[in-house]
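> So the sequence lines, in the order shown, correspond to chains E and L.
Offset between the first sequence (1-based) and this note's numbering: plus 11.
Offset between the second sequence (1-based) and this note's numbering: plus 30.
If you're looking for bench data, these hints aren't it; they were derived computationally from the structure.
All C-beta atoms in this analysis are idealised placements derived from N, C-alpha and C, irrespective of residue type, glycine included.
Treat the hints with caution; some may be incorrect.
Per label pair, the in silico range of CB-to-CB distance [stated by the list, open to error]:
1) E/Pro250 - L/Asp118: 26 to 36 Å
2) E/Val113 - L/Leu82: 22 to 32 Å
3) E/Pro289 - L/Asn89: 41 to 51 Å
4) E/Ala256 - L/Leu222: 35 to 45 Å
5) E/Ala130 - L/Lys262: 48 to 58 Å
6) L/Glu167 - E/Lys316: 23 to 33 Å
7) E/Ala130 - L/Phe54: 47 to 57 Å
Under the rule of at most 30 Å between Cα atoms (straight-line distance), these lysine-lysine pairs were calculated in the DSSO-like manner [what the hints assert, rightly or not]:
8) L/Lys105 - L/Lys192
9) E/Lys284 - L/Lys105
10) E/Lys214 - E/Lys102
11) E/Lys284 - L/Lys168
12) L/Lys105 - L/Lys128
13) L/Lys262 - E/Lys283
14) L/Lys192 - E/Lys283
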Amino acid sequence: MGSLLEVRDLRVAYRTRGGNISEALEGVSFYLEAGQVLGVLGESGSGKSTLATSVLGLFPANAIVRTGAVLFEGRDLLQAKADELQKIRGKRISLIFQEPSVALHPAMRVGRQVRHVLAAHGTNGREVVKQRVREILQTMFAEEAERIGRSFPHQLSGGQRQRVLIAQAIACGPSLVIADEPTASLDPTTQMEILGVFRGLQKNLGLATIFITHNPALLAGFADCVLVLYAGKVVELGPAEAVLASPKHPYTQALFQSIPPLVSEPGDARKKKLPAIPGDSRPSSLPKAGCRFEPRCPERMQVCKSREPGLVSLNDRHIVSCFKYDANENR
Amino acid sequence: MKSYTRRKLAGHPEEVRALDGVSFSIFRGTTLAIVGESGSGKSTLAFCLACLETPTTGNIWFEEKDIVKLAEKEKRAIRCQIQLIFQDPANSLNPRWKVLKILNEPLAVQGNLSHAEMTSRAHALLNQVGLPIEIEEKMPAELSGGQRQRVAIARALMLEPKLLILDEALSALDCSVQAQIANLLVELQESLGMTYLFISHDLAMAAHLADEIAVMSHGRIVEQGSPEEILKEPQSTVTLELLAAVPRMSFSHLQAPES
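Taking the hints into account, I'd like the entire structure generated from these sequences.
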């Protein structure tokens with residue numbers, strides 16, 4: 012398998028201040044081929060941000076990596092030394108954060124901030140760096156590049172700031188970009204624009220992308236594969252068309268139904284109840300045994316209370332973690 | 031019938047026209063959604079209605095009273111009847127207070143009720159917004175995003191307001207939680223006859239909740255109509271842009287999930 016990134020059975024937990032341990036990721040596995048887009052769907056607390064930082068080995072002090080491997084171009088990043096990792100972060104794999112206004116230095120012109128990324132990763136020569144910065148800003152902003160480069164972050168709009176972050180991320184020509192809710196704080200029109208930027212990057216640079224979001228609609232027509240996380244576990248993983256058009260896991264189905272449809276027949280859907288998923292997925296409300304989603308699941312069975320479902324392959328690419336599809340349970 | 035009308039607001043000192051000739055009315059027990067991009071003046075409008083900002087010119091009638099011209103003391107009384115709910119419940123609840131204290135605070139400021147009376151009202155409201163009573167002992171950080179927004183709604187309802195202004199109240203929540211809170215808002219409207227001003231950039235959710243939608247751009251209302259009209263026959267380019275920006279996936283097949 013010529014995969015660019017392969018994550019195997021990743022388990023990460025956090026030590027809380029009270030001395031307890033909360034599991035963030037429990038056995039996540041997937042792989043990503045060069046140039047592909049993987050959409051990661053999950054609500055807050057599902058472990059999607061932990062997944063993003065784990066790939067880069069960016070663990071806070073209270074994190075415990077229990078098991079797992081993150082193989083990037085054949086090397087296990089979880090075993091890599093700090094200085095080796097430093098050469099990969101930002102250069103081969105870069106991360107784009109959610110809040111562009113926080114991720115940029117407020118008192119430094121953005122051109123210089125892009126320059127710093129290049130300098131940190133060993134691009135030498137003042138003119139070479141300058142030229143490269145100009146090129147990158149040009150691809151992101153076209154004729155406005157000059158003016159934007161001289162601006163401070165507060166002089167830019169949210170969408171422009173997000174483009175600056177993307178410029179930083181692609182400056183060193185990485186082969187993988189991880190974007191953690193890159194459009195969450197943006198307007199719908201700006202959100203579409205930024206999504207277009209990501210589409211362009213993938214098409215023109217052949218950049219592999221892990222696109223993390225809680226909004227499934229953003230992934231339609233963009234992601235190649237979709238991974239659905241629930242409470243630290245993969246509940247569904249498969250080709251985007253399959254997962255988005257006919258989701259199999261009850262959670263994915265319920266999640267998609269809870270989004271109001273845009274086109275309503277006169278007076279029909281409006282003011283009616285949305286089919287919301289009852290309850291929440293906070294650690295305290297998760298069951299101690301059995302399937303994580305069981306208390307909220309509309310299709311729960313007896314077996315779900317006592318045992319955890321394994322991953323069931325529906326076909327060679329689409330897997331789902333639910334007893335509903337387990338032939339051994341459904342006789 | 032009319033709750034209030036607003037006419038011609040213009041100009042801030044620096045001549046940034048955050049609101050430029052905005053007029054509309056909301057009827058009792060209905061929902062008006064204000065949709066627009068950031069910077070279109072949605073939040074300024076919310077602040078003006080909540081008596082937190084005084085419009086440069088124009089009038090706002092709330093139950094036959096022009097609240098722009100009221101004295102500060104009278105405004106205070108009006109503010110009880112118009113409550114705001116903000117986008118991020120994590121930032122709008124005091125992180126060091128227990129839920130009960132957060133809920134009691136608006137009444138404590140008014141100072142008309144005993145602690146026991148306030149607490150019993152708080153319990154009633156927790157029940158109404160679908161939270162267990164035990165939650166009164168928790169800190170906001172111990173709650174999920176959806177629970178926090180429910181607490182924020184309960185707090186807003188403590189003073190028995192007539193109008194609730196929801197300023198992007200769903201945008202910071204997960205999709206599944208958005209649906210829960212949207213359902214709660216519909217329930218409360220049915221049981222209490224609440225009036226909502228729902229400010230959002232999510233056209234789909236606005237169409238779901240509102241009786242009428244007003245589309246704002248650069249401080250003006252560029253289009254106004256029922257959700258059907260706005261969705262089916264959008265007239266202005268701003269509306270078209272917003273419609274085009276709603277991420278789409280076909281959900282029709284989901285009506286009857288195959289088993």
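> So which of the earlier hints does this model not fit?
Hint 9 is the one this structure does not satisfy, whereas the remaining hints hold.
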